[in-house]
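K.L.:
This is what each chain is made of:
2 protein chains.
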Amino acid sequence: MAKVAVLGYGTVGSGVVEVLDVNAKEVSESAGEKIEVKYILDLRDFPGDKHETQVVHDINIILDDPEIEVICETMGGIEPAFSFEKSALERGKSVCTSNKELVAKCGPELVELAKKNGASFLFEASVGGGIPLLRTINDSMKHEKIDSITGILNGTTNYILTKMDREGMGFATVLKAAQDKGYAEKNPEADVEGYDACRKIAILSSLMSGKHVNYEDIYTEGISRISIEDFDYARALNMSIKLLGICKRGESGYSSIVSPFLIPNENPLANVNGVFNAVNVHGNMLGDVMFYGKGAGKNATASAVVADVIDIIKHRGRHIDVNLKSEELTLSPKDNTVRQFFVRVQEDVRNQAVEVFGSGIEEVKGENVHGEFAFLTGDLSEKDFWERLRKLDSVKGYLRLY
Amino acid sequence: MAKVAVLGYGTVGSGVVEVLDVNAKEVSESAGEKIEVKYILDLRDFPGDKHETQVVHDINIILDDPEIEVICETMGGIEPAFSFEKSALERGKSVCTSNKELVAKCGPELVELAKKNGASFLFEASVGGGIPLLRTINDSMKHEKIDSITGILNGTTNYILTKMDREGMGFATVLKAAQDKGYAEKNPEADVEGYDACRKIAILSSLMSGKHVNYEDIYTEGISRISIEDFDYARALNMSIKLLGICKRGESGYSSIVSPFLIPNENPLANVNGVFNAVNVHGNMLGDVMFYGKGAGKNATASAVVADVIDIIKHRGRHIDVNLKSEELTLSPKDNTVRQFFVRVQEDVRNQAVEVFGSGIEEVKGENVHGEFAFLTGDLSEKDFWERLRKLDSVKGYLRLY
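Residue numbers (the working numbering), protein chains in the order written: chain A, 94 to 495; chain B, 94 to 495.
Keep in mind that the hints were calculated from the coordinates and are not lab data. You may find that some hints are simply not true.
If several chains are the same, the list does not tell them apart, and a pair holds so long as it fits within one copy or across any two.
[Claimed, not checked] Each computed PhoX-like pair below joins lysine-lysine, with the alpha-carbon atoms no more than 20 angstroms apart: (1) LYS235 x LYS304; (2) LYS208 x LYS407; (3) LYS238 x LYS127; (4) LYS304 x LYS418; (5) LYS391 x LYS238; (6) LYS304 x LYS427; (7) LYS118 x LYS418; (8) LYS238 x LYS118; (9) LYS235 x LYS118; (10) LYS235 x LYS127; (11) LYS118 x LYS304; (12) LYS489 x LYS458; (13) LYS235 x LYS391; (14) LYS209 x LYS391; (15) LYS179 x LYS235; (16) LYS208 x LYS179; (17) LYS198 x LYS476; (18) LYS274 x LYS256.
The shape of chain A in the complex, shown without the other chains (with noise of 0.2 angstroms):
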């Protein structure tokens, strides 16, 4: 019998609560012994529910305990959600969790700290939600050469994205319905400035390149400049719009960034649509392999945490290699990423427009938009993008293209 505490009782913690009590046998099974939870620290109390009695308010009472092997970290945020972990893995109590943003963050120090301590960190949940990837990179792909990771990270503005494109509505009207529905937070600039999509290619990056990524390196775009005319023109080109999170091993080194891209409907993130993710990982031997499924939501987020918390248990006694290194990583520099762009301007600075990216231009078509001139570049770099498009009046917008 394994005990574990869950921190914070909110949806994924009640989550973790509910997979552990639903799927007992399963669970049980799978670890080789039962696993109980012994206590749920929250600030509130929950009079009436099922564990209420295993409600506590003081996380010593959890540090404490000899019996408690495993620690759930599902509140979120930097504090006290750091200081609880790292108490945690001190007393050699191994700790899962969902938090990408300390992941990010702090993710080196507390796989050091477990190291240390013969205790093991683990984050399946950070990204992806419910998608078991983390484990399969980490684990059965690990023997290959990572080129690219590449993916739908954020449901919320995956949902936008979607609604947008199929109902035809602007930005500020699907996120309203999407904050109505409780798709989208009150304060939704987590997600649709993409810091939240930021956090998670982070992560991927430092897996994926065994040296620390600071997400505060990382180019992030978000979605709150996509119109409905851009999806206009998408369908026009045979494409999809879809903000990606994507880290590409190149010659000068590890690039990563966020932003929306236009992506052919051929490729399969094109077709991701709604509220679910998807990540491509590209190995050299593999190939394509793509996972999909629900990026957040409160039982598939709380199925990864278990899965950590079964795997530690298997492993007991063994810290678990997760590939999460503490030597910092210099991205290669965007300027230097090559790509083509999408770019539109109005209709009267058409010349202007082809003057400074060349003949070479490709004019896009959209079925409803006028007054405008559009059009596809040849390959640039992102510094010989933004220089010229610097010497444009009147731009309406430009879109990458993957």
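Use these hints to put chain B onto chain A, whose structure you have.
P.N.:
Quick look at chain B alone, frame taken from chain A:
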């Protein structure tokens, strides 16, 4: 340093040797030690090959060498593969294989033998080629109650269906072109009649149920009766036609089938095209998770074999559990399965069709098909459907709806 032998220096076997060569650094980091190919068993010699000195013709050289820890069987077929694997396991050597035929037929026996001798029997590459699927189901998802597994499990048939759809060419023409390109075998029966997909869904059904599902018990239909008119109707329905292998857990037990299905385009499986494979697993907590990648091909399949080798070396001296049991599972009879069907009859039996299937049927009009009456039925059991269909003259085709 771990030493392995590769049985069969064909496509997959030479791929295994190549992955171990090219990714030697990553392989040894993942396994914790170097992995070396000591022997390659083949009937042929390979003069001039980098590994010609490792080639042997006598299995006993391998079996008698105590240095050999792992055998990679990439020959295919039942014999002599089965005898070789059995002998290896009896001597405590672990086996990994891409041989779906053998796994489907003798998997439980080989797993038991492995267990008895403190060795492991792994077969990641036997289903979904390079996709890290079986390990994920066995490890990361073992605490889920899996409700269903649905897969596009055969790349050749998916290539043919994609080509028929996109280029409006008939089955025979596309098959011929696929054979010329080497995408389909000279004797294409195993692929186009669904036998290959049947072996694979049998393996998945066994893993899902924890009992042995005999592939001969699985109702199997291939794609040779699919016509370009079917694709015309599919487009009208906003659906695709895919050869699916399905295993479902229902109230009356498990049911499995291999058949072409009409599948709505919003389902991500509908957008899996060309030689790619994809498998959707539905867990009670996790919801849908889909895995996508190359279902065949030298290096992708070989990479999955190498992942098994690494797993065995990492867990040296321990049997790795794979949930393939000897106890036979009786599948729920196909007759009881309830679903919608799509039916095409000649125009002149329209009234007869309406009489037999009832007025609740829904007519479907294909853009370029004439002289036919096509319709969707309501929900019917397979038994009921067939009883009704047999009453109709001039049936031109039918499809199941997913």
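K.L.:
Compare the structure with each hint and give your call.
P.N.:
Hints and how they fare:
Taking the shortest alpha-carbon separations for LYS235 and LYS304, only the intra-copy value of 15 angstroms comes in at or below 20 angstroms, while the best inter-copy value is 31 angstroms. When the C-alpha separation of LYS208 and LYS407 is checked against a cutoff of 20 angstroms, the pair qualifies both within a copy, at 17 angstroms, and between copies, at 18 angstroms. For the identical chains of this complex, LYS238 and LYS127 are inter-copy neighbours only, at 16 angstroms across copies versus 38 angstroms inside a copy, given an alpha-carbon limit of 20 angstroms. For the homomeric pair LYS304 and LYS418, the shortest alpha-carbon distance inside one copy (5 angstroms) is at most 20 angstroms, but the shortest distance between copies (42 angstroms) is not.
With identical chains, the CA atoms of LYS391 and LYS238 are at most 20 angstroms apart between copies only, with a shortest distance of 16 angstroms across copies and 34 angstroms within one. Proximity of LYS304 and LYS427 under a CA criterion of 20 angstroms is satisfied intra-copy only: 18 angstroms inside one chain copy versus 53 angstroms between copies. Within a single copy, LYS118 and LYS418 get their C-alpha atoms only as close as 36 angstroms, which misses the 20 angstroms cut-off; across copies the closest is 18 angstroms, which meets it. Proximity of LYS238 and LYS118 under a CA criterion of 20 angstroms is satisfied inter-copy only: 10 angstroms between copies versus 38 angstroms inside one chain copy.
Taking the shortest alpha-carbon separations for LYS235 and LYS118, only the inter-copy value of 10 angstroms comes in at or below 20 angstroms, while the best intra-copy value is 31 angstroms. With identical chains, the CA atoms of LYS235 and LYS127 are at most 20 angstroms apart between copies only, with a shortest distance of 14 angstroms across copies and 30 angstroms within one. Proximity of LYS118 and LYS304 under a CA criterion of 20 angstroms is satisfied inter-copy only: 17 angstroms between copies versus 39 angstroms inside one chain copy. Only within a single protomer do LYS489 and LYS458 lie at most 20 angstroms apart by alpha-carbon distance; the minimum there is 14 angstroms, versus 43 angstroms between protomers.
In this assembly of identical chains, LYS235 and LYS391 lie within 20 angstroms of each other by CA distance solely across copies; the values are 19 angstroms between and 29 angstroms within a copy. Neither within a single protomer nor between protomers do LYS209 and LYS391 lie at most 20 angstroms apart by alpha-carbon distance, with minima of 32 angstroms and 41 angstroms respectively. Neither within a single protomer nor between protomers do LYS179 and LYS235 lie at most 20 angstroms apart by alpha-carbon distance, with minima of 27 angstroms and 29 angstroms respectively. Proximity of LYS208 to LYS179 under the C-alpha cut-off of 20 angstroms is restricted to the intra-copy arrangement: shortest distance 12 angstroms within a copy versus 40 angstroms between copies.
When the C-alpha separation of LYS198 and LYS476 is checked against a cutoff of 20 angstroms, the pair qualifies neither within a copy, at 28 angstroms, nor between copies, at 59 angstroms. In this assembly of identical chains, the alpha carbons of LYS274 and LYS256 lie at most 20 angstroms apart only when taken from the same copy (13 angstroms versus 41 angstroms across copies).
When each numbered hint is compared with the structure, violations occur for hints 14, 15 and 17.
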